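In order, the protein sequence lines correspond to chains A and B.
Residue numbering for the first sequence follows numbering that gives the first Met the number 0, beginning at 0 and increasing consecutively.
Residue numbering for the second sequence follows numbering that gives the first Met the number 0, beginning at 0 and increasing consecutively.
It should be emphasised that the hints constitute simulated quantities derived from the structure, not laboratory data.
Computed from a prediction, not measured in an experiment: that's the story for all the values here.
Just so you know, not all the hints are guaranteed correct.
Derived list of chain B stretches under chain A, where covered just means 3 residues or more per stretch with a C-beta under 8 angstroms from a C-beta of chain A [to be verified]:
id	stretch
1	72-80
2	194-206
Simulated restraints, written as ranges between beta carbons of each label pair [as the list claims (entries may be wrong)]:
id	chain 1	residue 1	chain 2	residue 2	range
3	A	Ala266	B	Lys153	39 to 45 angstroms
4	B	Lys153	A	Thr70	35 to 41 angstroms
5	B	Asn248	A	Thr310	36 to 42 angstroms
6	B	Asn284	A	Gln122	48 to 54 angstroms
If we take Cβ atoms under 10 angstroms as the criterion, some of the chain B residues that face chain A in the derived model are [to be verified]:
id	residue
7	Asp190
8	His217
9	Thr225
10	Asn248
11	Leu259
12	Ala260
13	Leu262
14	Met311
15	Arg315
For every residue, glycine included, the Cβ atom is placed at its ideal position computed from N, Cα and C.
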Amino acid sequence: MAEAQIILEARNLSKRYPVKKTGLLKRPSVLKAVDDVSLCLREGEVLGIVGESGCGKSTLARMLAWLIRPTSGSVLLLGEDPSGLSDKEIRKLRRNIQVIFQNPHASLDPGRLIRESLAEPLQIHRICSQEEAWQKSRDLLHMVGMDEDAMDKYPEELSGGQLQRICIARALALEPKILICDECVSALDVSNQAQVLNLLMDLRKKLNVSMVFISHDLRVVRFMSTRIAVMYLGRIVEEAGTEELYLNAEHPYTRALLSSVPAANPALREMRFRLTGDIPSPVDLPPGCSFASRCPYAKEECRQWVPERLTIREGHDTLCLRAGEINWKE
Amino acid sequence: MSKNTENNLHLQVKDLTIGFRTRQGEAEAVRRISFQLRQGEILGFVGESGSGKSVTCKSIIGLLPENVTLSGDILFHGKNLLACTEKEMEKYRGRHISMVFQEPMGSLDPSFRIEQLLQEVIMVHDPCSREEARRRSLDMLKKVDIADPVNCLKRYPFELSGGMQQRIMIAMALLCRPEILLADEPTTALDVITQGQILDLLRRLNDELGTSVILISHDMGIVAQTADRVAVMYCGQIVETADVQDLINHPMHPYTEGLLASLPERQTGGEELRTIPGTVPSIYNIPSGCTFHNRCPYARSVCAAEAPPMLMHDGREVLCWRHHERYQNG
Numbered sequence: 000m001a002e003a004q005i006i007l008e009a010r011n012l013s014k015r016y017p018v019k020k021t022g023l024l025k026r027p028s029v030l031k032a033v034d035d036v037s038l039c040l041r042e043g044e045v046l047g048i049v050g051e052s053g054c055g056k057s058t059l060a061r062m063l064a065w066l067i068r069p070t071s072g073s074v075l076l077l078g079e080d081p082s083g084l085s086d087k088e089i090r091k092l093r094r095n096i097q098v099i100f101q102n103p104h105a106s107l108d109p110g111r112l113i114r115e116s117l118a119e120p121l122q123i124h125r126i127c128s129q130e131e132a133w134q135k136s137r138d139l140l141h142m143v144g145m146d147e148d149a150m151d152k153y154p155e156e157l158s159g160g161q162l163q164r165i166c167i168a169r170a171l172a173l174e175p176k177i178l179i180c181d182e183c184v185s186a187l188d189v190s191n192q193a194q195v196l197n198l199l200m201d202l203r204k205k206l207n208v209s210m211v212f213i214s215h216d217l218r219v220v221r222f223m224s225t226r227i228a229v230m231y232l233g234r235i236v237e238e239a240g241t242e243e244l245y246l247n248a249e250h251p252y253t254r255a256l257l258s259s260v261p262a263a264n265p266a267l268r269e270m271r272f273r274l275t276g277d278i279p280s281p282v283d284l285p286p287g288c289s290f291a292s293r294c295p296y297a298k299e300e301c302r303q304w305v306p307e308r309l310t311i312r313e314g315h316d317t318l319c320l321r322a323g324e325i326n327w328k329e
Numbered sequence: 000m001s002k003n004t005e006n007n008l009h010l011q012v013k014d015l016t017i018g019f020r021t022r023q024g025e026a027e028a029v030r031r032i033s034f035q036l037r038q039g040e041i042l043g044f045v046g047e048s049g050s051g052k053s054v055t056c057k058s059i060i061g062l063l064p065e066n067v068t069l070s071g072d073i074l075f076h077g078k079n080l081l082a083c084t085e086k087e088m089e090k091y092r093g094r095h096i097s098m099v100f101q102e103p104m105g106s107l108d109p110s111f112r113i114e115q116l117l118q119e120v121i122m123v124h125d126p127c128s129r130e131e132a133r134r135r136s137l138d139m140l141k142k143v144d145i146a147d148p149v150n151c152l153k154r155y156p157f158e159l160s161g162g163m164q165q166r167i168m169i170a171m172a173l174l175c176r177p178e179i180l181l182a183d184e185p186t187t188a189l190d191v192i193t194q195g196q197i198l199d200l201l202r203r204l205n206d207e208l209g210t211s212v213i214l215i216s217h218d219m220g221i222v223a224q225t226a227d228r229v230a231v232m233y234c235g236q237i238v239e240t241a242d243v244q245d246l247i248n249h250p251m252h253p254y255t256e257g258l259l260a261s262l263p264e265r266q267t268g269g270e271e272l273r274t275i276p277g278t279v280p281s282i283y284n285i286p287s288g289c290t291f292h293n294r295c296p297y298a299r300s301v302c303a304a305e306a307p308p309m310l311m312h313d314g315r316e317v318l319c320w321r322h323h324e325r326y327q328n329g
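When you get a sec, could you build the whole thing from the sequences and use the hints?
Here you go:
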């Protein structure tokens, strides 16, 4: 089977933010929000990105959608690099990539009717007449499983789950090829969450959109994704197909994350691998592997060398000097 | 030692009803719930937002606002807390019953050092010399796994990470060795690894100090990993109570069944998630009969007409006509 086409690619993407210096003679510090990340999304794939807060997931998502500019590295959206394009050309290119954010209350204008929010992307891109835009908004609402009564409501009249459906409908208005979901079910209750996840899966099949699905919740990411990238302090430390990652994680951080997931199974209580301490500050990181300070398997060389990305099996990459050496059964 | 005798009951709640007087009229957030907290156990409360978990917790410690009406009994070792004056409640609060909240940063006074915050708790309930208070504070910080307690005492809350802050909250709550700790979504603001650490800590302290814990969470996984017994709340009622193992493996109430089935981790091989149709009813508009009947796949005519009585069977309690009929007919 020929591999599907790559539709979104990040090459050595980095984003650094200068941090205000604290002393007169101190040199300004640098916060590396995203550090040398390369990844690609193929057509039809759902790439999950998982990590704790502050690991750079959202910064990465925003760079992929070209909402913020990278400090270095490049993004290729459908093979085109937006950095050389004019604003007008970028807008045209951006039709193909849409973002759904975490908080639907914040992403919809409270002073506008739902119909106006849904039609806005169509108007911005001058796709159709006003009449057609209303009709299309109605179709979009049906597609996300909502009544057309919602058209003439304000966001405050709807529940969180319903609003998130509206955000999904709006993101799909332009028939994008890529959908970036940034923690899009984190604010929802379990039963709403399940409904929205089913909806996304269903739309993915029907419309053949590819997705980058970002979440801190491994259970949700596992359900949605075909591949998963694990981020820690701005880097992707491991990337593999979903089942491969769950069965054969090679990075100690991935192992720790997996065993921290609160599974609804009391029998799993005791079999856990816990890290101690907190995630260090991403400002002025020490040399070497950024995970070394918390890694129970770290050796001297881990504190000196930054590990290179290593393909341990086909389609399974990890960023660990000791990859393949550690016996997990101990 | 049997856990079921009256003497081992820390808390007995009988027919507790909590109503709110609001502009939209009178609404009952909690309706005639009864439960018991046994000595040394962790009782989990699980349910979606608005089901009445937090309100129940706050009523135990007397932290509800002015516009509530309370009826029923909350017996703490035979003493009815609902009949206590504010002055009397102050003696229980912190000393016998403590609470940990969701947002640690919002619960720690930002203008005091950790040492002052801890000392205040001791001085209010159990005055002693400053050296003694310091010794007890250091002891407690060690118990909650603070790596460098002496240094930590000098810090202000904002200097600590979310996980550390929550440890401080737990230390403050347990300083006077209360019999009961109420933990209201204590890990919701934390990352998955830190969450695992805090839940482990709660279980260890429950074991070491014998403190009984009521753990509230919207996440079935968290409750399953931590609690001994679980009460499932829906729409202001406890619809099912059981030992954690029984509840997860053999849920009896259709709502519990739906909640478990909608967890993404329960799904394998790209199947759809099972969802609970519809949404949680508003407390201003509670359905007649069984509150769950309009979302229940097993509902029959009796369910809409009449509220089911609590069925007690084999150490389990369930509020559902279906089981009622089954056990009545043998």
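These are the hints, each one checked on the structure:
Here's how the stretch 72-80 of chain B fares: 0 of its residues keep a CB closer than 8 angstroms to some CB of chain A, so the rule of at least three is not met and the hint is violated. Interface restraint, the stretch 194-206 of chain B with chain A: holds (5 residues with C-beta to C-beta distance below 8 angstroms; minimum three). At about 43 angstroms, the CB distance of A/Ala266 to B/Lys153 agrees with the hint of 39 to 45 angstroms. The hinted range of 35 to 41 angstroms is satisfied by B/Lys153 and A/Thr70, whose Cβ atoms lie roughly 37 angstroms apart.
Under the hint 36 to 42 angstroms, the C-beta atoms of B/Asn248 and A/Thr310, about 41 angstroms apart, fit the expected range. For B/Asn284 and A/Gln122, the hinted distance range of 48 to 54 angstroms is not satisfied, since their beta carbons lie about 37 angstroms from each other. Taken as an interface hint, B/Asp190 checks out: its beta carbon lies about 4 angstroms from the nearest beta carbon of chain A, inside 10 angstroms. The closest approach between the C-beta of B/His217 and any C-beta of chain A is roughly 6 angstroms, which is under the 10 angstroms cut-off, so the hint is satisfied.
For B/Thr225, the suggested interface contact is upheld, since its CB lies about 8 angstroms from the closest CB of chain A, less than 10 angstroms. Taken as an interface hint, B/Asn248 checks out: its beta carbon lies about 9 angstroms from the nearest beta carbon of chain A, inside 10 angstroms. Look at B/Leu259: its Cβ gets to within about 6 angstroms of chain A, closer than 10 angstroms, so that hint holds up. Interface restraint check: B/Ala260 against chain A, minimum CB-CB distance 8 angstroms, threshold 10 angstroms, status holds.
At its closest, the beta carbon of B/Leu262 sits 6 angstroms from a beta carbon of chain A; the interface hint therefore holds under the 10 angstroms criterion. Below 10 angstroms, beta-carbon pairs count as interface contacts, and B/Met311 has none with chain A, the closest being about 22 angstroms; its hint is therefore violated. Given hint, B/Arg315 at the interface with chain A, is violated; its Cβ is 16 angstroms from that chain's nearest Cβ, farther than 10 angstroms.
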